[in-house]
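Quick note: the sequence shown, position 197, residue 384 per our numbering, numbers continuous.
A few of these clues could be false.
As the list claims (entries may be wrong) - Cut-off 25 Å, straight-line C-alpha distance, at most; resulting in silico cross-link-like pairs (PhoX-like, lysine-lysine):
{"hint": "1", "residue 1": "Lys716", "residue 2": "Lys525"}
{"hint": "2", "residue 1": "Lys723", "residue 2": "Lys525"}
{"hint": "3", "residue 1": "Lys716", "residue 2": "Lys403"}
{"hint": "4", "residue 1": "Lys485", "residue 2": "Lys470"}
{"hint": "5", "residue 1": "Lys723", "residue 2": "Lys521"}
{"hint": "6", "residue 1": "Lys477", "residue 2": "Lys525"}
{"hint": "7", "residue 1": "Lys723", "residue 2": "Lys403"}
{"hint": "8", "residue 1": "Lys403", "residue 2": "Lys485"}
{"hint": "9", "residue 1": "Lys716", "residue 2": "Lys470"}
{"hint": "10", "residue 1": "Lys348", "residue 2": "Lys470"}
{"hint": "11", "residue 1": "Lys403", "residue 2": "Lys521"}
{"hint": "12", "residue 1": "Lys716", "residue 2": "Lys521"}
{"hint": "13", "residue 1": "Lys348", "residue 2": "Lys477"}
Calculated from the structure, these hints are not laboratory results.
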Amino acid sequence: MEDQAQNLEHGNLQLAERVAPQPATNLELTVEEVLEEYVGSFGWSQFLHVLLVSLAWIFDSQNTLVTIFSDAQPSAWRCINNSSSSLCLSSSSNGDASSVCGLMPDTWEWVNGHTSSIIAEWGLICDRRFLAATPASLFFLGSLLGSAFFGHLADASLGRKRTVLLSCLLTSVTAFLTSLSPNIWVYSLLRFANGFSRSGIGICCIVLATEVVGRKWRGPVSQYGFFFFTAGFLSLPLIAYHTRTNWRNLYKILSLLPLAYSVLFFPFVSESPRWLLVRGRSKEALDVLKTFARLNGKTLPENLCLANPSAPGEGGENEALTKNCTKESLWRTKWAAKRMITVMMAGFGIGFVYYGVQLNVENLNFNLYFSVGLNALMEVPAVVIGTILLGLTGRRLLFSLSAFLAGISCLLCIVFAHGKRAKNADKSSTGNWAQLAIEGIGFMAASVAFDVLYVYCIELFPTNVRNFAVSQSRQALMLGASIAPLLVAAGRLSPSLSFLVFGILSIFSGVLSWWLPETRNAPLYDTLKQEEEDEKNKVGNQITQA
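Full structure from sequences and hints, please.
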């Protein structure tokens, strides 16, 4: 009886095991596969995310280009009413700022007052004219150092979202403090701090926007941020015109915008799921993807788990991911270091030209507000053309052709350069329209190259060093930009010199890009090791097929 009871119990257990449902096997997918197959390449949730992130580009643009107005050389001066100096009266007929160099300080004044710009307030003319280039140069040097700092911060600790927030808040504070500057030296130091602060906005926003969309949308989405950069650029002449008699008010207004954005809009932005996964926070990454899917009207499988981008057998998931992210270094990986150096050299030339041409508008014989407005408008077709062509052509071809066109346009401007600013206080009708048109085309081409370089850099490097790579590219851009104001100052004496240098450097950048691989329709990798192995396999397959 006892044996029968045991046999019956054993039979019941076997039957229960057969009837009981087997535990579901985990569905392991990469972030890229989850986006493409379940969330959607670019749904409503990603559109809102990209929109909210890209708004920050407005402040990046405004704080970068504000010196076009705040540091501008005043267009006109006049003799003081009680002055009977014949020298003053004869010099005033020239209408040129350099004409005041031999006059006594109490015999003349600027038409818009001594607070219209820092040059007017602190007398940065004649033998002090090169001091006027110091704040802009230090701003871009600050951007250079800030790019490295915020790029590392975004990859290693804070993440993309919190780094953007920190950068916006610091930008607001430093812009306001700049409005209180008592002299050129404090002003220059605060411009350096402002450049350092704003540098985290661009490099993190473009990465944060592109890491949540599918492969085919990376190019267009990366361009959306530049629409808002253009919007910030376009807003500057409007704000500056109403503050044209006091440059300090311009900075106070600009300081309010990033603060309002940080409080009202930024809390609704999500962190990058790719960064969360690489840092070992796979549950949080999955939660972000579930939120995107829900807003898109979709659901993720219950048994879904995110694939570990590091090699198997390295310990627990979180430990392995974190160690892998920490140990891999872009500069210690030979192929990545070579690629990074090439990107930075090309970026130096494009940054020099892109920012230099914008600052150089004061050396064109046109009304300053009109010239800046025209350049800002040229950003619109640049972004549209760049967005369309990124979907049709390779990144390398588009970047190089844009750089060549920008260089050739700058060289053609030499033909129409007058050598010196027109000796006329009213510059609205004395400009050379051919020169202005060619300069506009050159700036548009430089803008396309500038925008494409960001997209190219994002696709050339994997997640665990992507923000750092973009920051290094940004450093090169800012290094070129930091030297450009000195050339602009020299261009006040010889406009042909500035256009010649712009043209040569732009063409040089286009040539360098041919040493980079094409990345169109390539996947976004998570680690350097993963990208290296995949590229080796592709080369091996090509050799086998040949």
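Verification of the hints:
Straight-line distance between C-alpha atoms of Lys716 and Lys525 comes to about 16 Å, which keeps the hinted pair within the 25 Å bound. Among the hinted pairs, Lys723 with Lys525 is consistent with the structure: their alpha-carbon atoms are about 16 Å apart, no more than 25 Å. Restraint check for Lys716 and Lys403: the C-alpha separation of about 24 Å stays at or below 25 Å, so the hint holds. Pair hint Lys485 plus Lys470 holds up; C-alpha atoms about 19 Å apart against a cutoff of 25 Å.
For the given pair, Lys723 sits about 14 Å from Lys521 by alpha-carbon distance, which is consistent with the 25 Å threshold. Pair hint Lys477 plus Lys525 does not hold up; C-alpha atoms about 38 Å apart against a cutoff of 25 Å. The straight-line distance between the Cα atoms of Lys723 and Lys403 is roughly 23 Å, inside the 25 Å bound, and the hint therefore holds. Simply put, Lys403 and Lys485 have alpha-carbon atoms about 20 Å apart, close enough for the 25 Å limit, and the pair holds.
The suggested pairing of Lys716 with Lys470 holds, with an alpha-carbon distance near 24 Å, which does not exceed 25 Å. In summary, the hint linking Lys348 to Lys470 is supported, as the alpha carbons are separated by about 17 Å, within the 25 Å threshold. With a C-alpha separation of about 29 Å, the suggested pairing of Lys403 with Lys521 is violated against the 25 Å cut-off. Simply put, Lys716 and Lys521 have alpha-carbon atoms about 12 Å apart, close enough for the 25 Å limit, and the pair holds.
Of the pairs offered as hints, the one joining Lys348 and Lys477 holds, with about 18 Å between alpha carbons and a cut-off of 25 Å not exceeded.
The structure fails hints 6 and 11 (numbered hints given earlier, in ascending order).
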